[in-house]
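Asks: So the protein sequences, as listed, match chains P and Z. So for the first sequence, the working numbering puts the first residue at 1; every next one is plus one. So for the second sequence, the working numbering puts the first residue at 1001; every next one is plus one.
One or more hints might be untrue.
Per the computed footprint, the stretches of chain P lying under chain Z, defined by three or more beta-carbons under 8 Å from a beta-carbon of chain Z, are [as the list claims (entries may be wrong)]:
#, stretch
1, 74–88
2, 100–109
Restricting the straight-line Cα-Cα distance to at most 20 Å, the calculated cross-link-like pairs of lysine to aspartate or glutamate (EDC-like) are [stated by the list, open to error]:
#, chain 1, residue 1, chain 2, residue 2
3, Z, LYS1009, P, GLU5
4, Z, LYS1071, Z, GLU1096
5, Z, LYS1071, Z, ASP1056
6, P, LYS42, Z, GLU1096
7, P, LYS109, Z, ASP1056
8, P, LYS106, Z, GLU1079
9, P, LYS113, P, GLU15
10, P, LYS113, P, ASP78
11, P, LYS106, Z, ASP1038
12, Z, LYS1057, Z, ASP1026
13, P, LYS56, P, ASP78
14, P, LYS67, P, GLU15
15, P, LYS106, P, GLU15
16, P, LYS67, P, ASP78
17, Z, LYS1009, Z, ASP1056
18, Z, LYS1057, P, GLU3
These are computed hints drawn from the structure, not numbers from a lab. Since the model is a prediction, treat every value here as computed from it, not as a measurement. All C-beta atoms, glycine included, are put in the ideal place defined by N, C-alpha and C.
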Amino acid sequence: QKEVEQNSGPLSVPEGAIASLNCTYSDRVSQSFFWYRQYSGKSPELIMSIYSNGDKEDGRFTAQLNKASQYVSLLIRDSQPSDSATYLCAVMGNYGGSQGNLIFGKGTKLSVKP
Amino acid sequence: NAGVTQTPKFQVLKTGQSMTLQCAQDMNHNSMYWYRQDPGMGLRLIYYSASEGTTDKGEVPNGYNVSRLNKREFSLRLESAAPSQTSVYFCASKLEGGYMYSPLHFGNGTRLTVT
């Protein structure tokens, strides 16, 4: 079973700081990586996708991918209390029953303190 | 554009009862999925349908059955509910199963309690 690992947190940062969320994955040939945000009692919503090594920026969010190290991260700049949520890392599977399916980490709970 | 619609939003069942969770998407997606989410366990795939007319088991299929009724609809059935099936269930869809640029879109979830 291919795995996606995240620190469960909670990660607490002060308002205005940079929040750094990390994810490692076991499938060396994975090509597609996604970050979802999930507010308490709500469904996951896609905030970032990344497919190539390096950084991808979208507003206050930056996704970073290092395929050699099998590591993907999400940086949130100028963190706001409204960013308080659980962040799910997802990796697209490549083999057998997981081909084309997203494998999710257990999520990191972020708390941004005013 | 409603996206992915799940019904019901909440359900309480007694052990041994059966029920069907309904899911429909209006995005013309080919692939549909059922996940369950439990505290500390993350999202786990129950069943999926890569295209109309096909269904396959995911990570935790025991105790469940599915039907891909047409391209829009994908239902999940619990034939004899057990307390271990108490969970939040999410339906999701995406354009193409194996297409690497295709993210999942989730419904709002069904919170199921089995007593």
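Asks: None of the hints should be skipped; say for each whether it holds.
Replies: Against the structure, the hints come out as follows:
no., hint, result
1, 74–88, "violated (count 1)"
2, 100–109, "holds (count 7)"
3, Z:LYS1009 - P:GLU5, "violated (30 Å)"
4, Z:LYS1071 - Z:GLU1096, "holds (12 Å)"
5, Z:LYS1071 - Z:ASP1056, "holds (15 Å)"
6, P:LYS42 - Z:GLU1096, "violated (25 Å)"
7, P:LYS109 - Z:ASP1056, "violated (31 Å)"
8, P:LYS106 - Z:GLU1079, "violated (28 Å)"
9, P:LYS113 - P:GLU15, "holds (6 Å)"
10, P:LYS113 - P:ASP78, "holds (12 Å)"
11, P:LYS106 - Z:ASP1038, "holds (10 Å)"
12, Z:LYS1057 - Z:ASP1026, "violated (24 Å)"
13, P:LYS56 - P:ASP78, "holds (17 Å)"
14, P:LYS67 - P:GLU15, "violated (31 Å)"
15, P:LYS106 - P:GLU15, "violated (24 Å)"
16, P:LYS67 - P:ASP78, "violated (27 Å)"
17, Z:LYS1009 - Z:ASP1056, "violated (25 Å)"
18, Z:LYS1057 - P:GLU3, "holds (18 Å)"
Violated hints, in rising order: 1, 3, 6, 7, 8, 12, 14, 15, 16 and 17; the structure is consistent with all others.
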